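Peer 1: Residue numbers (this note's numbering), protein chains in the order written: chain A, 17 to 370; chain B, 17 to 370; chain C, 17 to 370; chain D, 17 to 370; chain E, 17 to 370.
I should point out that these hints are in silico values taken from the structure, not numbers from a laboratory.
Just so we're clear, the structure is a prediction, and the values are computed from it rather than from any experiment.
Do not rely on the hints blindly, as some may be mistaken.
Put simply, identical chains are the same to the list, so a pair is met inside one copy or across any two.
[Unchecked claim] Below are the BS3-like pairs computed for lysine-lysine, each with C-alpha atoms no more than 27 Å apart in a straight line:
#	residue 1	residue 2
1	Lys27	Lys174
2	Lys45	Lys311
3	Lys365	Lys311
4	Lys19	Lys139
5	Lys365	Lys242
6	Lys264	Lys206
Each chain, letter by letter, is given below.
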Amino acid sequence: MLKFIKKSSKKVGLPPGTPIHIGERKIEKARITIIDYAEAQFQECEAKKVEECFPFKDKPTVTWINIDGIHQVEIIEKIGKLFDLHPLLLEDIVNTGQRPKMEDFGDYIFIVLKMLHYDEKDKEVKAEQVSLILASNFVISFQESEGDVFNPIRERIKSGKGRIRKMGADYLAYSLMDAIVDSYFIILEKLGEEIEDTEGELVTNPTSETLQALHNLKREMIFLRKSVWPLREVVSVLERVESALINKTTLIYLRDVYDHTIRVIDTIETFRDMLSGMLDIYLSSISNRMNAVMKVLTIIATIFIPLTFIAGIYGMNFKFMPELEWHWGYPAALLVMVIIGVLMLIYFKRSEWL
Amino acid sequence: MLKFIKKSSKKVGLPPGTPIHIGERKIEKARITIIDYAEAQFQECEAKKVEECFPFKDKPTVTWINIDGIHQVEIIEKIGKLFDLHPLLLEDIVNTGQRPKMEDFGDYIFIVLKMLHYDEKDKEVKAEQVSLILASNFVISFQESEGDVFNPIRERIKSGKGRIRKMGADYLAYSLMDAIVDSYFIILEKLGEEIEDTEGELVTNPTSETLQALHNLKREMIFLRKSVWPLREVVSVLERVESALINKTTLIYLRDVYDHTIRVIDTIETFRDMLSGMLDIYLSSISNRMNAVMKVLTIIATIFIPLTFIAGIYGMNFKFMPELEWHWGYPAALLVMVIIGVLMLIYFKRSEWL
Amino acid sequence: MLKFIKKSSKKVGLPPGTPIHIGERKIEKARITIIDYAEAQFQECEAKKVEECFPFKDKPTVTWINIDGIHQVEIIEKIGKLFDLHPLLLEDIVNTGQRPKMEDFGDYIFIVLKMLHYDEKDKEVKAEQVSLILASNFVISFQESEGDVFNPIRERIKSGKGRIRKMGADYLAYSLMDAIVDSYFIILEKLGEEIEDTEGELVTNPTSETLQALHNLKREMIFLRKSVWPLREVVSVLERVESALINKTTLIYLRDVYDHTIRVIDTIETFRDMLSGMLDIYLSSISNRMNAVMKVLTIIATIFIPLTFIAGIYGMNFKFMPELEWHWGYPAALLVMVIIGVLMLIYFKRSEWL
Amino acid sequence: MLKFIKKSSKKVGLPPGTPIHIGERKIEKARITIIDYAEAQFQECEAKKVEECFPFKDKPTVTWINIDGIHQVEIIEKIGKLFDLHPLLLEDIVNTGQRPKMEDFGDYIFIVLKMLHYDEKDKEVKAEQVSLILASNFVISFQESEGDVFNPIRERIKSGKGRIRKMGADYLAYSLMDAIVDSYFIILEKLGEEIEDTEGELVTNPTSETLQALHNLKREMIFLRKSVWPLREVVSVLERVESALINKTTLIYLRDVYDHTIRVIDTIETFRDMLSGMLDIYLSSISNRMNAVMKVLTIIATIFIPLTFIAGIYGMNFKFMPELEWHWGYPAALLVMVIIGVLMLIYFKRSEWL
Amino acid sequence: MLKFIKKSSKKVGLPPGTPIHIGERKIEKARITIIDYAEAQFQECEAKKVEECFPFKDKPTVTWINIDGIHQVEIIEKIGKLFDLHPLLLEDIVNTGQRPKMEDFGDYIFIVLKMLHYDEKDKEVKAEQVSLILASNFVISFQESEGDVFNPIRERIKSGKGRIRKMGADYLAYSLMDAIVDSYFIILEKLGEEIEDTEGELVTNPTSETLQALHNLKREMIFLRKSVWPLREVVSVLERVESALINKTTLIYLRDVYDHTIRVIDTIETFRDMLSGMLDIYLSSISNRMNAVMKVLTIIATIFIPLTFIAGIYGMNFKFMPELEWHWGYPAALLVMVIIGVLMLIYFKRSEWL
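Work out the full structure, taking the sequences as your base and the hints as a guide.
Peer 2: This is how it looks when you write it as structure tokens:
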């Protein structure tokens with residue numbers, strides 16, 4: 017359940033803007049890495065103290081400060097003070113129960129996203145909150161733990177390949193968002209395969225495990241939906257926001273992210289549709305099988321109950337039962353039984369029960 | 017049912033603007049408390065008479081008048097007269113069947129909210145209506161009973177911690193709304209836990225109590241939704257209203273409340289989705305179990321009915337039944353029965369019924 | 017069915033604007049009452065002829081002409097001619113199959129509403145169409161039969177209590193609408209109680225009468241919805257229409273009616289949600305009970321069928337059945353039967369069937 | 017299926033604007049009738065050749081050209097050439113698979129509608145496509161076959177009654193649309209009656225024919241919906257279009273048609289709601305009846321299986337069965353059986369199965 | 017599953033704008049054909065090298081470059097360089113997981129569509145992605161494999177029939193889109209026939225194959241919907257886009273495509289409605305048949321179980337059973353059995369079970 021609702025109750029009664037970490041602690045110690053670059057320049061370092069980030073604040077080069085681990089609230093608070101960030105924003109960064117959202121604070125834009133990965137062990141989708149702060153010449157990103165989704169971007173900056181070194185902080189923020197959205201496709205493929213497997217089972221041999229699998233997939237879809245739907249709004253607003261922080265040339269890239277988001281949502285909806293269709297099929301299959309079971313019972317009972325009755329009659333001990341004395345009584349009784357049985361079978365054949 | 021619809025019929029035929037208390041009387045006697053503060057000043061008192069509130073009306077300091085208990089309509093009417101409030105507004109304050117709403121009367125803004133708490137004894141969510149009147153330098157709040165949700169705010173004002181003493185009446189109104197919305201998260205966590213428990217039962221051992229629990233949770237969701245959905249509109253309008261009563265700096269805080277409201281609604285919708293998925297699972301489980309029961313019956317009946325028939329045949333009293341005379345007749349009959357039984361079992365094995 | 021669709025086919029082929037009465041005739045003879053008032057003046061009379069209304073047309077005082085009974089089309093036509101009303105409007109007044117609607121004809125505003133009452137005998141909600149014409153200084157109201165919903169307003173005008181004598185024709189029209197909307201709450205309470213009763217039955221003892229009751233409640237909800245939903249639009253348009261006929265001071269009252277309408281709609285939707293939840297519970301209960309019935313059958317059959325088979329074996333008449341000769345054969349057979357029975361019971365206990 | 021989708025595949029690969037008749041041929045030979053009128057003038061004739069229509073093109077009087085039968089594509093093409101109509105429009109006229117739509121071509125407005133009638137023999141709703149071309153002084157209407165829906169309008173023009181002779185071509189077009197929409201009410205009444213009948217059956221004696229009837233009604237609703245829903249948009253756009261072709265005075269009549277369309281749609285939705293409620297009831301009834309059947313079986317089996325077992329015991333042929341020798345053995349056995357039977361009945365009474 | 021989600025994971029980590037082919041390789045080698053025409057001029061050739069396309073870039077005539085096969089990414093890249101296309105666009109062309117979309121890049125418009133065809137062998141709808149680039153005087157189209165949908169257009173250009181040679185590149189792009197949308201109708205007819213067949217089966221003899229067929233049709237509908245829904249938006253935006261690339265005269269043709277798209281969507285929705293209605297019928301039929309089976313069982317069991325019990329009684333071996341000694345004992349017992357049987361049958365007749 018923690019997946020669907022975070023223990024926000026810890027915060028009740030505190031003044032707004034009090035940063036309280038809500039969520040799981042995923043790594044031991046927070047880690048701050050700084051990448052500073054311009055078209056012809058590149059510098060990468062790990063900060064021991066938060067204060068080391070400060071000199072980059074007003075440098076004309078693009079600076080990317082990445083914080084892994086948000087449970088050390090004092091670090092977040094110091095960053096907030098150094099970069100002059102609104103307290104409500106800091107509160108949101110450390111509360112992992114946010115929905116994806118985007119807020120324009122004028123000097124900087126604040127973006128919250130969900131990074132998703134499929135946990136093969138627990139067979140479920142897990143989410144990690146990523147917050148981005150985009151200012152004119154720096155991007156600060158906050159992650160719950162060290163992830164590898166951003167590594168290719170680091171590589172690209174380092175190697176100077178592609179457009180990234182030539183563009184500003186907005187393009188960097190876009191690249192981070194793009195990397196996150198792209199990673200959703202992997203989740204969707206995984207879930208798509210599971211849906212396919214479950215559908216196969218449904219056709220060949222539906223059991224109550226199939227039902228459980230369907231239920232789990234539905235839950236994952238609810239979770240995915242909750243994590244991705246608001247993103248559409250976020251990117252769409254980013255595209256339309258009239259902020260000096262976002263260059264025109266970057267807009268076309270944001271449109272591309274928007275497009276990907278729509279495709280993700282589209283696929284989630286398609287999967288939901290398919291899953292609910294599969295549940296119908298499951299229910300129908302159960303009913304069908306019940307029918308089959310009942311038919312077997314009915315056929316057997318309907319044939320043998322009357323026959324047993326006849327046998328019962330001639331098992332009575334009345335003194336005067338003339339049939340019992342007949343020489344052909346026994347074969348005649350057997351014959352009558354066979355005839356009744358055959359008639360029953362013909363009837364069932366006719367009714368298409370056999 | 018009182019929870020879903022209040023006895024508004026009492027009011028039928030009365031002229032509009034007649035304040036009639038509709039709802040339960042929750043405390044004995046209404047209680048008026050006044051808190052008056054400025055950045056460097058703080059005063060708290062309890063009013064014995066309504067008239068004691070009047071001097072605060074035009075004081076430049078921020079005044080918070082809180083009335084616990086709205087069943088004493090004459091108090092509400094006096095307040096209305098003293099502060100020159102519209103009669104329709106007074107009518108709304110004492111009628112606890114309102115939906116959350118916001119109305120801009122020019123000189124003051126009227127806000128109706130629902131305060132929710134989870135009643136552990138009755139295992140259901142209970143609502144209390146809170147009305148706020150926000151004017152340029154005072155806030156009047158009306159509650160049905162004394163609650164502890166506003167206590168942390170009182171503490172903050174008293175202690176002078178945080179921003180609150182430096183800000184105006186709009187920030188106070190925001191703080192009250194924020195406190196109420198924050199308290200929703202506690203309800204959601206409680207319900208989330210119950211949903212999780214019920215889901216657990218569903219998997220291990222679904223009974224008709226599980227069904228009842230599902231039904232109750234669904235009802236609570238309907239109730240929650242009814243109480244919280246309109247709030248979204250309320251806060252959104254507050255944010256966009258162009259009123260001199262709300263300062264620009266407060267807007268960002270209202271946006272935060274809006275955000276929280278959206279998260280609450282989002283979670284309610286997620287819970288609803290999950291509950292309806294759980295009902296499907298419940299129904300499927302029942303069908304599955306019925307199938308299992310039917311299979312047992314069918315297997316037993318299908319094996320023994322033919323055998324009993326054979327036994328019946330040799331229980332007949334015909335004079336001439338040669339088999340009865342055979343020395344190996346009895347063992348042969350038993351053997352035939354065993355063979356038939358084994359064949360049946362093999363058939364069931366093949367059909368995957370066993 | 018007449019409740020859901022009126023015999024509009026009578027009108028097919030007639031030129032537009034031909035007034036044809038469609039609906040039930042509810043009273044014998046139409047009755048015209050006139051109330052004329054100003055702040056310090058009050059006059060009430062019953063018109064024998066339609067022409068008696070004419071002098072009030074241009075009087076500066078506010079005039080309320082109420083016509084009970086719309087089946088006498090000639091009266092409606094005369095009114096139309098006297099007050100210069102559009103023929104399409106007259107057609108709508110006498111056709112009781114209208115949806116609530118509002119049309120601005122410039123000099124006057126035409127409003128159609130549904131007055132609802134709960135028929136205790138037929139246990140269903142019945143509707144009556146009310147049409148209002150609001151001009152600058154008069155209101156004409158058309159009802160299908162004499163109703164008592166407007167009586168409190170008459171009383172208020174007569175007694176001069178409240179605001180009504182001081183306000184214009186728009187306030188009178190508002191008062192009529194308000195009276196109608198207020199009366200919806202009584203219906204909702206009635207239906208709420210019935211839903212509660214039905215829910216109680218559902219928990220204690222669901223029968224096919226409960227199903228029928230659910231179905232009837234659902235139908236009533238469909239009917240209510242059809243009657244009330246469009247009202248939202250009507251009031252909302254009235255509020256926003258820029259007509260000289262509606263004063264600014266009246267707008268706040270219209271907002272109040274709008275608010276009530278929303279609450280009515282909200283409650284209807286809540287009831288619908290609850291009813292559909294109840295149907296799910298009903299279906300699940302039936303399945304649960306079927307399960308219980310099947311279990312009893314299965315337990316009894318599964319225990320006794322094998323035992324009867326054993327009895328059948330020793331009822332066979334083979335010459336050589338050594339067990340029959342044993343002295344302890346009979347007690348041994350009984351013992352075996354008891355053991356089998358007990359084993360079966362243990363098995364059922366284990367499977368949690370008992 | 018032809019009802020739901022027309023064989024549009026005939027057209028694939030042809031250049032746009034190629035008129036190909038798609039649909040059934042409903043009459044033998046197309047028929048062109050011309051009515052030309054002004055306030056004081058009336059002329060009616062049947063055209064043998066298409067060219068006879070031409071002189072009316074620029075006459076100041078209002079001309080109504082009606083073509084029954086659209087399968088003779090060459091006629092449509094000639095009309096198109098004479099009146100200078102866009103080829104895409106001609107293509108639409110002869111393709112009966114259109115949805116209702118409205119297109120403004122500047123000099124003329126093109127409207128497609130569906131004329132519906134209830135086929136008593138096939139017990140289904142059938143549709144016929146009607147296309148209207150409204151120009152400043154003429155209206156051309158295209159029907160698939162000769163229908164009688166327009167006859168009252170012809171009569172009204174001929175007799176000069178009502179407004180029609182005084183108004184322009186736009187009023188004529190409105191009259192035709194109004195006649196079509198009015199005819200929908202007849203269909204709705206017919207279907208309403210059938211729904212009522214089916215509902216009656218549902219309560220008294222639901223069979224699989226009832227299910228079939230429900231299914232057919234649902235299909236008809238889907239068909240009706242498909243035919244009428246787009247009309248709402250059509251009329252609404254017509255009302256708002258700023259075309260010189262439509263006079264202000266006609267707008268109020270269009271609003272009336274809009275109103276009727278809304279009522280038709282409203283009723284269709286209500287019927288759909290009712291039908292889906294009825295299906296739920298049907299399913300519940302089946303379950304209820306299955307329950308009843310199972311109870312009978314269970315009661316009979318549960319009472320007699322144990323009794324038969326006891327009888328079986330005393331039918332065993334063991335040498336030493338002391339009870340068999342007792343004088344009161346037989347009555348005692350009977351008594352035991354009666355006691356067991358009565359206990360079972362009491363149990364079923366207690367469980368409310370009887 | 018590949019049908020619903022493409023392996024987009026290949027792309028994860030790559031910089032945006034990297035063209036990677038995602039999808040099946042459908043033909044061996046890409047093929048480039050060029051058609052260049054003006055009103056009085058026509059030239060058709062097949063390009064061996066991509067560079068051969070370049071001279072047509074700035075020719076005043078209309079040029080249509082068609083590329084069959086998009087798996088040869090280097091060709092797409094060269095085209096991109098020659099015609100100065102945005103890298104994100106190239107990425108989209110080779111990734112067949114796009115939804116239909118339209119993007120205006122100023123100098124050119126980029127359109128993605130889905131070409132559908134019904135695979136008779138696999139009995140499912142298959143999709144192929146078609147991308148169009150519309151510039152002022154050329155159109156570039158990308159297909160996954162050689163298709164015959166565009167052949168009639170080639171023919172029309174060659175023969176000079178119709179409007180196409182007189183119009184610009186926008187009309188050519190429209191023609192391609194129109195050809196694709198028209199081809200949807202064939203799919204719909206095919207699916208319509210299958211729905212009809214399945215519905216027939218449903219009425220006459222529903223089996224679990226019918227269920228499977230329903231499920232498959234539902235899946236196809238989900239797939240179709242996913243492929244066609246976004247097209248509505250695409251065409252609608254194209255119609256409204258204020259681009260110099262699209263002439264006014266072409267707009268009316270786009271409106272026609274829009275209209276067709278709406279009809280396709282409409283039909284898909286109708287089919288979905290019908291399929292979900294059919295599933296309900298299927299479930300009800302199963303329940304009905306189960307009922308029938310249970311009735312047979314119950315009737316047989318209820319009649320014979322009591323009779324067998326009576327036979328069992330007189331099969332007991334008590335010494336003193338006076339009835340056994342009576343001369344008419346046996347016939348009397350038989351008579352009692354017949355009476356009981358007949359009473360049972362009458363009871364079943366009364367209960368309408370027979």
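Peer 1: Please go over all the hints and tell whether each is borne out by the structure.
Peer 2: Hints versus structure:
1. Within a single copy, Lys27 and Lys174 get their C-alpha atoms only as close as 41 Å, which misses the 27 Å cut-off; across copies the closest is 20 Å, which meets it.
2. Proximity of Lys45 to Lys311 under the C-alpha cut-off of 27 Å is found in neither arrangement, the shortest distances being 65 Å within a copy and 58 Å between copies.
3. Taking the shortest alpha-carbon separations for Lys365 and Lys311, both the intra-copy value of 12 Å and the inter-copy value of 17 Å come in at or below 27 Å.
4. In this assembly of identical chains, the alpha carbons of Lys19 and Lys139 lie at most 27 Å apart whether taken from the same copy (13 Å) or from different copies (24 Å).
5. Taking the closest pair of Cα atoms, Lys365 and Lys242 never come within 27 Å of each other, the shortest separation being 53 Å inside a single copy and 43 Å across copies.
6. Taking the closest pair of Cα atoms, Lys264 and Lys206 never come within 27 Å of each other, the shortest separation being 36 Å inside a single copy and 47 Å across copies.
Checked against the numbered hints above, the structure breaks hints 2, 5 and 6 and satisfies the rest.
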